[in-house]
Amino acid sequence: MKHMTRKATRHVNQNEGLIFEKSGAGKAAWKLPPLDVPEVDSAKLLETSERKNLGNMPEVSEIEIIRHFTRLSTWNYAIDLGMYPLGSCTMKYNPRVNEVVSRLEGLANGHPYQPERISQGALRIIKTLSECLLEITGMDAITLQPAAGAHGELTGLLMVRAFQQANGNPRKKILIPDSAHGTNPATAAMVGYSVEKMTSNAQGMVDVAALTAQSSEDVAALMLTNPNTLGIFEQEIHKIADIMHAKGGLLYMDGANMNALVGKVRPGDFGVDVMHLNLHKTFSTPHGGGGPGSGPVAVKQMLEPYLPKPVVIIKSDGTLGFEYDRPHSVGRVRAFYGNFGMFVRALAYIMANGPDGLRQTTEDAVLNANYIRKGIEGAYDLPYSTPTMHEVVFSDKLQAKKGVKTMDIAKRLIDYGFHPYTTAFPLIVPGALMIEPTESESKEELDLFIEAMKSIAEEVEEDPQLVLDAPHSTRVSRLDEVGAARRPVLRWKPES
Amino acid sequence: MRYLPKSPADREAMLKAMGARSVDDLFAPIPAEYRLGRDLKVPRQMAESEIVDWFHQRSKENGEGHATFLGAGAYSHYRPVIIDSLISRGEFLTAYTPYQAEISQGTLQSIFEFQTMICELTGMEVANASMYDGSTAAAEGVMMAVRLTGRKSVVIARSLHPEYREVLATYAFHQGMPLAAASFNESGRIDRKALEKSITPDTACVLIQSPNFFGTIEDVGAIAEIAHRQGAMLVVSIAEAVSLGIIEPPREADIIAMEAQSFGVPLGFGGPYCGVIATREDFKRQMPGRLVGQTTDRNGKRGFVLTLATREQHIRREKATSNICTNQGLVALMVNIFMTIYGKVGLRELAKQNLAKTAYAAEQLGKHATLLFAGAPRFNEFVLKTGEDPYAINSRLLGHKIVGGLPLKNFYPELGNAALWCCTELTARTAIDTAVGVVADGERSARNMIEVDEQEVTR
Numbered sequence: 001m002k003h004m005t006r007k008a009t010r011h012v013n014q015n016e017g018l019i020f021e022k023s024g025a026g027k028a029a030w031k032l033p034p035l036d037v038p039e040v041d042s043a044k045l046l047e048t049s050e051r052k053n054l055g056n057m058p059e060v061s062e063i064e065i066i067r068h069f070t071r072l073s074t075w076n077y078a079i080d081l082g083m084y085p086l087g088s089c090t091m092k093y094n095p096r097v098n099e100v101v102s103r104l105e106g107l108a109n110g111h112p113y114q115p116e117r118i119s120q121g122a123l124r125i126i127k128t129l130s131e132c133l134l135e136i137t138g139m140d141a142i143t144l145q146p147a148a149g150a151h152g153e154l155t156g157l158l159m160v161r162a163f164q165q166a167n168g169n170p171r172k173k174i175l176i177p178d179s180a181h182g183t184n185p186a187t188a189a190m191v192g193y194s195v196e197k198m199t200s201n202a203q204g205m206v207d208v209a210a211l212t213a214q215s216s217e218d219v220a221a222l223m224l225t226n227p228n229t230l231g232i233f234e235q236e237i238h239k240i241a242d243i244m245h246a247k248g249g250l251l252y253m254d255g256a257n258m259n260a261l262v263g264k265v266r267p268g269d270f271g272v273d274v275m276h277l278n279l280h281k282t283f284s285t286p287h288g289g290g291g292p293g294s295g296p297v298a299v300k301q302m303l304e305p306y307l308p309k310p311v312v313i314i315k316s317d318g319t320l321g322f323e324y325d326r327p328h329s330v331g332r333v334r335a336f337y338g339n340f341g342m343f344v345r346a347l348a349y350i351m352a353n354g355p356d357g358l359r360q361t362t363e364d365a366v367l368n369a370n371y372i373r374k375g376i377e378g379a380y381d382l383p384y385s386t387p388t389m390h391e392v393v394f395s396d397k398l399q400a401k402k403g404v405k406t407m408d409i410a411k412r413l414i415d416y417g418f419h420p421y422t423t424a425f426p427l428i429v430p431g432a433l434m435i436e437p438t439e440s441e442s443k444e445e446l447d448l449f450i451e452a453m454k455s456i457a458e459e460v461e462e463d464p465q466l467v468l469d470a471p472h473s474t475r476v477s478r479l480d481e482v483g484a485a486r487r488p489v490l491r492w493k494p495e496s
Numbered sequence: 001m002r003y004l005p006k007s008p009a010d011r012e013a014m015l016k017a018m019g020a021r022s023v024d025d026l027f028a029p030i031p032a033e034y035r036l037g038r039d040l041k042v043p044r045q046m047a048e049s050e051i052v053d054w055f056h057q058r059s060k061e062n063g064e065g066h067a068t069f070l071g072a073g074a075y076s077h078y079r080p081v082i083i084d085s086l087i088s089r090g091e092f093l094t095a096y097t098p099y100q101a102e103i104s105q106g107t108l109q110s111i112f113e114f115q116t117m118i119c120e121l122t123g124m125e126v127a128n129a130s131m132y133d134g135s136t137a138a139a140e141g142v143m144m145a146v147r148l149t150g151r152k153s154v155v156i157a158r159s160l161h162p163e164y165r166e167v168l169a170t171y172a173f174h175q176g177m178p179l180a181a182a183s184f185n186e187s188g189r190i191d192r193k194a195l196e197k198s199i200t201p202d203t204a205c206v207l208i209q210s211p212n213f214f215g216t217i218e219d220v221g222a223i224a225e226i227a228h229r230q231g232a233m234l235v236v237s238i239a240e241a242v243s244l245g246i247i248e249p250p251r252e253a254d255i256i257a258m259e260a261q262s263f264g265v266p267l268g269f270g271g272p273y274c275g276v277i278a279t280r281e282d283f284k285r286q287m288p289g290r291l292v293g294q295t296t297d298r299n300g301k302r303g304f305v306l307t308l309a310t311r312e313q314h315i316r317r318e319k320a321t322s323n324i325c326t327n328q329g330l331v332a333l334m335v336n337i338f339m340t341i342y343g344k345v346g347l348r349e350l351a352k353q354n355l356a357k358t359a360y361a362a363e364q365l366g367k368h369a370t371l372l373f374a375g376a377p378r379f380n381e382f383v384l385k386t387g388e389d390p391y392a393i394n395s396r397l398l399g400h401k402i403v404g405g406l407p408l409k410n411f412y413p414e415l416g417n418a419a420l421w422c423c424t425e426l427t428a429r430t431a432i433d434t435a436v437g438v439v440a441d442g443e444r445s446a447r448n449m450i451e452v453d454e455q456e457v458t459r
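Top to bottom, those sequences are chains A and B.
Quick note, the first sequence lines up with residues 1 to 496 if you use the numbering used here.
Quick note, the second sequence lines up with residues 1 to 459 if you use the numbering used here.
With the rest of the complex left out, here is chain B (with noise of 0.2 Å):
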């Protein structure tokens, strides 16, 4: 087996030092009733050409070579190459958890500056050093606000990613916690007076995503009023991280539960992503997760360290803050190179192209269709009614590799024939202009059987 360094001899030899007379010997504590007399049935051992053949195969059942316009919580952006030519260093990605901070420094250092510019972008105060995804990181966010509050129940607006909203009541659900749902009003926004009424004096928070689901801003500011007037905080979930080039973060808010897949980390089909949790500097003490901090050596020489550990399961076990350990260390990794390689100024200008490809596509479609939530901003989002099943309409988009948007069906049944679209900065319009056609097309002959059936009913 070539990842094992030893020939035979060693093992004789090792065995041999040991007076054992045999490897059985070290196996003989399992009972030998179970232990397993036959060769498992997994796939015989392949050589590596042979995986690399196989999972090509795999590759061309996936989708390759498709243009997309799907989003929903997973962004297709560009990723410079240098983050896999970084992040593929050995002492990056064959490194533990970086207990022993002597010989960490590397990995400390990354996550010190990873935490500070996701505090830059959120203006937030404090930043931990990752949690798994979007959807927990908002359900941590959760029940640390219910920590701070001392509160027990959540309001949660109906514009959150159904599947967050999902995972939150996977979460809530031996705790205690009871969760009321915020609904949206036709601008896409939050209904303000419904949230105004649903919150309540054991109410711990409000938690909302913005850029919300449909792509729409929320009025955060308005909404956070709400919830501190009535002693609720607001957590406030962010999806598309590159939204934060170009729009205001969501300041007023006590808790940042977001989602950084944006910035640099592939779809890869759901996963490995990279959630964030980021707060002020009154609430670290109760925040998931590890952090990092500055400190000096016994020569009073700059380095880092994790800190704040007393939050955590291996030391404080059941009462810890959460029970999370490992994180995502090298997602995070990639994350803060992409946010070193755009900076302040890149940032801002990718965010802009997204802005204009999507307000393009937007303006193109709603010739055809009807564009709901038309009365907010928007980012990289909107979400298309037609008068055809966008299925079908998805079905002949895939004639031209293309993948069309998100049908809404599942989780908002009463949008009828909505999906939801996204563009981004590697959107060509090329592609939007064939999928303008398509859709074109399928409206006219939807609106023609309409006439007919009209036409039909007036005979």
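Looking at chain A on its own, in the form it has when it is part of the complex (with noise of 0.2 Å):
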């Protein structure tokens, strides 16, 4: 514990319960204008259907709402108050000029159906940002429609099977890595593929000859992530785009891992047919305690007609437009056109950046995950010898001798003032501890990153137990999540 109090020291934070346990008849935080046209009588209105009674929805004050939110607030680990060392998440510092220039009236205000000629600004920033992406993926033809990261595979796996079934089949089967992200499989399931698992070679990349052998024509794609989850960059991606392409099959990439390549290199130049980025990793659009995400679906030119409809067109008159008659579109994944707040803030921060700094952005958290990997190896296991790129994947061996497993490791840190770093995933690294810092950290946060993670190391050979307990500096201690599943509470109710 030598090092703790250089981090973070306790401090004194408020209690508070449910918000229905602080609610009381006739309090309010609301208060309507006067109605400016006749009263109606609901009743005779809305006949049966009227609602009497809205059961046990609170009523409390304004201040009460407030402090209820703000108190809850301050239990939260976040960003703002330090580095978030999540594995292939990118909790990069989220920018807040974004918010300011989301919430301008006629971008937070903007109805999806007003007319085109009044939507020229949205209309605008969706093409920016769309030329933007293209021109950082190296792709030809883009969407922004799905909301999130999987939703994107969804899409992305969506238009692979319409360009297979166009060129006569829709084949069988996706390749995944064993090292993927649980979303690869459960989408493929979706878009109705079987799924056949790929084995990782001894370096932690795609085994080229075991590809060879596996790739057939009932495979319809690959979904590659790359950087793979390990942080390393599969270095023979061009052979494994032509083995892919020499069967008819299409290379997906999974774009969680951008954050390293961004101005360094792009995938459509490598062998890359089909890819989604993650607006709320790469680009900085914030996480919100797990959402809104956008992942926008980049493809080449053949699979430009499978786009979800409907897509921004230049008009003969030069304005913009949606164009709605794509007769080979793969159809809506969303309603309207997805999570603009988003790429309003994505945009923002592109710019914010410029060339420069996106290439500067890449390099730094390069350099701050090899920086931590220098700092820590020895102290844990690092089970790939292979360089990574920008998070680096080490394992508890060495501490399981004593009983203490990633996730004690992780809880550990919570101590010492970090965020948990990702455990026990990917699959393939038994008790892996998996670190991206992103550019976001200084040096001096990183060098503290590394103490207290050497410093849980030595706690570990002294005092085990002392790491099995953590956290030990938290309003709650470790939780029954065990308790939680068989017998789930999952709302309030009153006493009865």
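Keep in mind that the hints were calculated from the coordinates and are not lab data.
Where is the CB? At the ideal position from N, CA and C, for every residue including glycine.
Take the hints with a grain of salt, since some may be wrong.
[Claimed, not checked] Covered stretches of chain B (chain A as the covering partner; in silico rule of three or more C-beta atoms under 8 Å from a C-beta of chain A):
{"id": "1", "stretch": "72-85"}
{"id": "2", "stretch": "162-176"}
{"id": "3", "stretch": "350-356"}
Please assemble the complex out of the two chains, which come individually in their own frames, going by the hints.
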């Protein structure tokens, strides 16, 4: 515990019950203006459809609501407080100008069905962001409609299926490496494909010889994350693409780890046919405690006819508009046009960076991850010695000898003032510690993290129970997750 | 670059500590032939003031200052200011998904309250932590019914939002789920006789919307009875959440797939919004998406965790109930705060104002044009059929900085010159009266033209 006071100190935070426990009849936080039209008799208008009772909805005042949510907020960790080393989650700084511009009146209050002639601002934003993302990925066409990464995967695979179908046969299988994110196989199943697992080679990369053997005319596509979830760039990426293409299969890239590539290399240049991006990872839109995300899908020209509709076009009079007449489109994946508010934020981020800033961002992200790797190598087992990019995966092999697992180390990290890294993923590393610092960390913060990790490794040797019982500094200790799942309590109920 | 917290000296020191000569060493794993040897062609690095200016211009080109009669799945309601004060706190805004419960109790408790209030409002027993939006929630709700019944086909009301129907068609296409449509009658409600005939022993569920796309309130009890009699489930989509303040919720439904945008979420040109799925206790293990549950810590203190995760993709992979991962966290928090502000009494009063504005507008406009589907109760939308093309009416209304109702020609060609109008508590009487004047002018000249035509024919 020798270093912990350098990063974090315990402080008092307020207790707070559920909002329902503060409710009292007659309290209110709302006031409506006087009605400027005649009152109506709702019973007469609605007949039997009229609702009489809103059950246990709360009645509280404004100050109570402010305190309630402010108190709750202080129980959260956040990027604004410190480093969030979650692997493949890219928890980077969320610039505040993004929040300001997304709330400008015309953008925040624009209705999705308002006439195109008064929607040129929004259309221009969609068009400009699309062009930037195409340049960054090296692809030919894009849709911004998908609401998150997994939704982008769904859209991408629907397009793969439509393409294969148009070439005579939708095919049966999607190849997915054993190191992949769980959304990949779940998405393949939703598009009616069976999943064939690929085993990684000893360097943590795609086994090219095995891929050659597995590749067949039954395979619709290979879904690959690059750099993969070990942080390793697939060095034989073009050979992989060639093997797929030789049998008529497509190469899908999961863009979760795009933060390692922006401005340095473009997926479109190394053989990728279709990919999704996560605006809430690479392009700085806030994660918000679990969303909203945004998962644009970029494709090569031969997939362009299958894009979800509508697409934004330049009309004959030079203005922008939506085109709905897309006979080969896979259809809609969402009502309206996608998470537009996230497009505004992502574009503001790209503008704040420019080409030089985007490249420097990528370089710093990779620099930070490698600095951490160097810093804690030796204290933790590094299962793959292959060079890594923006993230690195260790294992708990050394600590497991003392009965301490990756989750225990992660919980202890909380006491040192850090959010845990990603635990137990990717699945190919038993007891994984998956660390991605992003570019947003200073050298000082990285040094504190390295110190904390080394200090915990020492604690495991000297006093493993201290680590097993962690966290010690939070308002709740480890929670009974088994009990929560066995007897689920999913809502508050009044005491009867 | 102002977001990057390192000096050139820091970078040098870090490289030196690692034994690297330059940062290029770190990119050596990327084959040289693919490395980008030039600047990206994106806008140059801009100052904050320039970025704000650029988006100000775009905002001005995007209908700033217009009153609107548009609804159709995206509703213009007042957003109390404390919603943005609270969601702007970095501890909410910049937090990750609450997998690490000990340092995420704020997010977790707030979701637990959200789930509780959605249950109270919908009359269901469990609600999830959110879905992307109402359209994808409806599609996932249907897939849930398919899993629960072991049946494959689906009957969809034509009075369900047309874009929701399109999304469902996309989702269903490769999952071998045949879709059948159920038409609406002259009151705008589902044609129950036709519905009864379209249900087969393979029908997993009937999917309806209430209030439906035309604003009409469906007789959910009667529809549920028809579906249940033949062993099918009833999935109800709710696109206008404020209706729950004064309309009886579809308690007879098995699954409710909701869009909660009306509860404090900006229109934002169509997103991000907030879908939710609510259902009965018995069906919770087939729900998609995240769920928060109450539990205790090692000292017996109350706390909250993400639970029943064995349904989800990160555990079950290709056997998961859905591929959904990221949902609408911060938007669900907006919804939660909105529900807390209006609460038990305010939501009803708010809904009542919507009802009054709409009743006034429908009555006034109905004096000059035909109100379709007048025979059934409605909430805050109605369909107006005019002699004049609604696009022409809207074009004149734009001159008054008013956006008229949504022309329905593309979605329902059989309704001819019909448009879907919406009023909320924000619709001013002056805007309604102006719109009535513009519609009345158009209708008078349309009638005159018909009369002239008829005279010419008689002659």
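Status of each hint after checking the structure:
By the rule of at least three residues with a Cβ nearer than 8 Å to a Cβ of chain A, the coverage given for the stretch 72-85 of chain B holds, with 8 such residues. Counting residues of the stretch 162-176 of chain B whose beta-carbon sits less than 8 Å from any beta-carbon of chain A gives 11, enough to reach three: the coverage restraint holds. With 5 residues bearing a CB less than 8 Å from a CB of chain A, the stretch 350-356 of chain B meets the requirement of three and the coverage assertion stands.
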